[in-house]
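Trainee: Chain residues, written in single-letter form:
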Amino acid sequence: MNVTQQIINAIWLGSVYSLFSLGYALVFSVLGVLNLAHSAIFMWGAFIGLVSVLYFGFPVWLSVPVAMIGAGLLAVLLERVAFAPLRARGAPRISQLISSIGASILLVSVAQLIFQQLFGAQMLARFPLGSIPTDPIEGLPFNVTPIQVIILVVALVLMVLLQLLISRTRLGQRMRAVAFNTRTASLLGINVGGIFVFTFFLAGALAGAAGVLFGLAYNALTPFIGEAIALKGLTVIVLGGLGNIQGALIGGFVVAGLEVFSIAAGGSNYRDAIVFSLLFLILLVRPQGLVGQKEGTRA
Amino acid sequence: MKSAARLFLILLILVPALAMAQEATPEAVASVPMGTSACPAPATLSGEVTIGAVLTLSGGASVYGGPQQAAIQLAVDQVNEAGYLGGATLNVIFEDSASENEQAINAMTKLVEEDQVVAVLGPTLSREAFSADPVAQDNGTVVMGVSNTAIGITDMGEFVFRDSLPEAAVIPGVIGQATELLGLTRVGLLYANDDDFTVSGYEVMRDAFSELGIEIVGEETYATGDVDFNAQLTNLLSGDPDVLAVSALAAEAVQITLQARALGYDGYIIGGNGFNSPAVLEQTGADSEGLIVGGAWNIGNPTPTGESVYFVAAYEAATDSSPDQFAAQAYTGAWLLAEAIRCADSADRTAVRDSLAGIVDYATPLGVFSFDENRNPIHAPVAQIVREGRFVVLTAETGVLGE
Amino acid sequence: MLILQNVSRQFGGLAALANVNMTVPEGQVTGLIGPNGAGKTTLINNISGLDHPTGGTIRFRDVDISRQPPHKITALGIARTYQNIRLFGEMTALENLLIGQHGRGKATILESLVFAPRFRREEKTLRAHAFELLEQFGLQAAANTPAGALPYGDQRRLELARAIATHPHLILLDEPTAGMNPVETHQLGEQILRLRASGQTVLVIEHDMSLIQQVCDEIYVLNFGQIIAHGTHEALKRDPQVIQAYLGEDAEDGAA
Amino acid sequence: MEFLSSLGISEPVVQFALINAILGLSIYLTLFTGMFSLANAGFMAIGAFTGVIITQRLGLPLPIGVAGGMLMAGVIALPIGLPVLRLRDIYLAIATIGFGEVVRILILNFDPLVSGLIGMDVEITGGALGIKRIPKLTETWHLIIFLILISYFITRLHRSRFGRAMAAIRQDEKAAANMGIDTVYVKNVVFILSAMIAGGAGAWSGHLTRIISPGDFGFDKAVDILAFAVLGGTSTWVGPIVGGFVLTALPEVLRFADQFRGVINGLILMLVIVYVPGGLVNPAGIRRIFERLRGRKSPSAVPPTSTEAGSKA
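Protein chains in written order, with my numbering: chain A, 11 to 309; chain B, 170 to 572; chain C, 105 to 360; chain D, 5 to 317.
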């Protein structure tokens, strides 16, 4: 029971990490931006979904698209305020990183103020109990709940859809052109600003979906749910090769596997040290990530 | 040493048990307003007496500072309404520590040196107290922790008090009681290893269990802010424990409870102060069945004191939300200061200190309250178990799960 | 002076340089020409240590420099300029020249902290030499202007001055006429000839045939990473392969 | 002093402002050399723990504690810098974030680790509980002297060959290498110096806050340190000092705005980098504004400031 259950735990945690990291990787792959505010958007996605259910009486399934749109728009706003002016000035990528840290602090602080008003001092909130079945699926030799299966499936499906969008559609073609070289892309008549806005919207929507599903799965939301996963997400996308979408998926499972394995082996004290040491090592030894190719092939 | 500890344990088990035995019918407890003083109203005191409070109003621990602020304000208003200080009025200045040690020092310095307050409540976090309390001590000003549970707080000096029971005074009693009543034999421990509060809680739990000769089937850690505990819980559950002892803050307490249940665990979960929040019960729903919680105060206490009933009603009227343990302790702290000032009949810092140290058997929401010789609180902790979504007194009968 | 033997540079599966053999004799001006994308800049990067060959050896004054880091190569006496000017734009012209002399300073951090005599003496000589160079290149007026704010022509000259400030035996010029008009190009040619007269060895990588004709003693032609011809300007003008490479360029439009 | 206290700035505020100014200077050195390292919170932790262990567990005087803290930070910076400084911009930032986390977790688990290695129970770092009841040994004048020494050191550095090499590496690392600058050496020395200054700040602050625990030196601290330099500006060494002072004093002056502090901090970081890229102290930017006011057109090729040119991709 123990080993099987730990494998299930790893798959489950991996799908959460992967789902979180898809949008993170997308923005990096197309725009070369490391958006550390992604975790704040993710939290806002969960929060928007929650409010739609608690205060507007939406059915739970509807909270997913609502959160996607809300978080997507928030991400676009972020792009306009925190990134576009820097890009227009030709500022280095590091400035965008700093700006995104500021944006992240801002978004979490605002959420804190609102949470306190709405949910009281503990700032804990949840979807109504029973919104989704939390009992383990019966008849299996291990414990797995329906929401866990849903998240795994959603993570896989979204990854495939995203991959198809980028590789098979005209829009995706333009995104790849922008990823390759913004100057060349604009010379080819591509609306580069539009691609930026769209990519941020898409990444925000992915974060929103991840946020709501995360909220449903763990069902105890605070303004800080993004913080712990933010640094893990960083490890995930570095491991997958910064800006590689399949990489993000694989990276999520590797990090989760490593965490669960280190706990199962009795080293829960060193779990995070192991993960961050891996981050360190990967950057030094194989900065293109586990599945990445050499530089110059973003997206 | 060992026998002394055992005696202490037995006392801790007996005291609440006796107290509960006396008050068999909770519904009969009437609301009693605060302020049954041992001293006459002050004759010479007049004007405005100012106290300060250093609380985590922003930053990571702002979860605790908010209720504390509301409760202290409530107490101060009540003191003034009742004319508790005779011709004088009580005034409070709140300062934010932003959950940072540096800011706590700055706030304490401002209150003590610039605002010249008579006494200070707080700071919220124990580590802030270790940073900032020496400032008050050096200036001969009373500082009373209302949520500091770490070991060694009051060792900082004779001006340092606290009204918050340390984990060491709560958890061993609860564990001893639970073990005796429920016949526990195997325990799994889970705690956040990067937080001073959860680590001290864990150490107390571990020592209490080993003292009682209960087998520890596993110890697992996580990091503050984690949300997924499946791997740790799976490890612990494979040792087939009959109780999980968890030292966690409220947000993680909720997750741990939910996930342990989803993994098919339906036994007891013992938690410390972190579980002692209305939010935990509210958030975990049916999964809270069998949660055993020890703390200094709990809103769900089926046998509250009259002062507690009064406090809850007043707090709910004033803030539109339910108080938690932090609020109750902060409220009590403000009243303790008022009582000390009243009895000293003076706003002199040293006189207030001496008067505060002399408080004995003061009726508060926390119960009948006294300070021991080390300025630590003495009052009965609560040990309860959740049954069908409600807190009930932990007894041999209520403790039987699964009927 | 500089000898390249079978130098190759592979990027993944692509060979930017394949078995390049080349000799730059002391005291001469050697030219390297070739169409866009022929691998000229890759070659100069390999010589100056910014990149390292995947095969073959580069020898400079009997020292194998194939895998040496750039600062060591500079210390051995190779300096360079860049196709796109790479001055330190925030610093003044004077400071740029001081950095050029970096390798000649000996004073330690500690000595500069306590104003040790060696530090003061050294700063004085470095500055004096920098002013000499400014004068030599007609840039005295620009001494305290940030290099990034100088007019284009001045930047070009400052970059050359900066290369000379490192006291090289060999100077590599990477398309020095880029962005220049014919008059400026001719002036630059004269400058190069003056350098040669003072005993300097020069390797010029160029596109502009007029400069090559003006200054080069010997010319190598690079195409698709390979040396396809070698000789004097007169001899190459009639080489069918060279003509083909240059004529073919338009048709292929910057392939590779 | 009267004026300061009327603003709510007491002696401890001044002390922390000095510490933060020193921290700002520590990251300034790396930024000035074009390295975007977020490792300084980790080095601060190393300095704080080493310093406090020296004075409290070994009973040696404070100056030895500070020197020890600086030394230890420098010694650890060497093996970290050698591999990590090959990385550039975002990659370097991520790697140093990882380093900071590993340092924090190792300090957290230091006691059981060492106890396991030597086979007996020891208490050195105190784990999550940290080291408590550290006497307040740091005085304001210590910090003023330390800050003056560091500032002097940095100004001398700027006027030396080595300092010019640092600036050259920031602006164009490859061209700098071609000028005969051993970039690996310069970057590593700067990284070590920066670590030592951060370590010194840690040791001083440990003897001010009276308690140190690993949680005080996490990612948030790294961002704080960055904010001192970014707000103040990194085109001159004065910037980080001003940034450290302003960001320390601001919460005191804004005590009435308790709940909005997070919002204000986030906004400052974001808006400054987006709209005031040179920070508060930025001679070039001030000149530009001045010229614009006088109706002149600014020169087209205005040199970017160092955070801007911080690192080229």
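Hints were generated in silico from the structure; no laboratory data involved. Just so you know, even glycine gets a beta-carbon here, dropped at the ideal spot from N, CA and C. Be aware that one or more of the hints could be misleading.
[Unchecked claim] Derived DSS-like pairs: lysine-lysine, alpha-carbon spacing no greater than 30 Å straight-line:
hint : chain 1 : residue 1 : chain 2 : residue 2
1    : C       : Lys176    : D       : Lys178
2    : C       : Lys176    : C       : Lys210
3    : C       : Lys210    : D       : Lys178
[To be verified] Over 12 Å on every C-beta distance to chain A, these chain D residues come out as not near it, computed from the model:
hint : residue
4    : Ile109
5    : Leu112
6    : Ile148
7    : Leu153
8    : Ala171
9    : Glu256
10   : Val257
11   : Gly266
12   : Val267
Trainee: Against this structure, judge whether each hint is valid.
Mentor: Results of checking the hints against the structure:
Distance hint between Lys176(C) and Lys178(D) is fulfilled; the C-alpha atoms sit about 13 Å from each other, no more than 30 Å. At most 30 Å may separate the alpha-carbon atoms for a hinted pair to count; Lys176(C) and Lys210(C) meet this at roughly 15 Å. Restraint check for Lys210(C) and Lys178(D): satisfied, since their Cα atoms lie roughly 22 Å apart, inside the 30 Å limit. Under the 12 Å C-beta cut-off, the non-interface status given to Ile109(D) relative to chain A is violated; the minimum distance is some 4 Å.
A beta-carbon of chain A comes within 12 Å of the beta-carbon of Leu112(D); the shortest separation is about 8 Å. Even its closest Cβ contact with chain A, about 30 Å, leaves Ile148(D) beyond 12 Å, as expected for a residue assigned away from the interface. For Leu153(D), the non-interface assignment is confirmed: its Cβ lies about 29 Å from the closest Cβ of chain A, beyond the 12 Å cut-off. Its beta-carbon lying about 16 Å from the closest one in chain A, Ala171(D) satisfies the requirement of being farther than 12 Å from that chain.
Distance check for Glu256(D) against chain A: the nearest CB is about 19 Å away, which clears 12 Å, and the non-interface claim stands. For Val257(D), the shortest C-beta to C-beta distance to chain A comes to about 18 Å, beyond the 12 Å cut-off, and the non-interface label holds. At roughly 3 Å from the closest C-beta of chain A, the C-beta of Gly266(D) falls inside 12 Å, breaking its exclusion from the interface. A Cβ of chain A approaches the Cβ of Val267(D) within 12 Å, the least distance being about 4 Å, so the stated non-interface status is violated.
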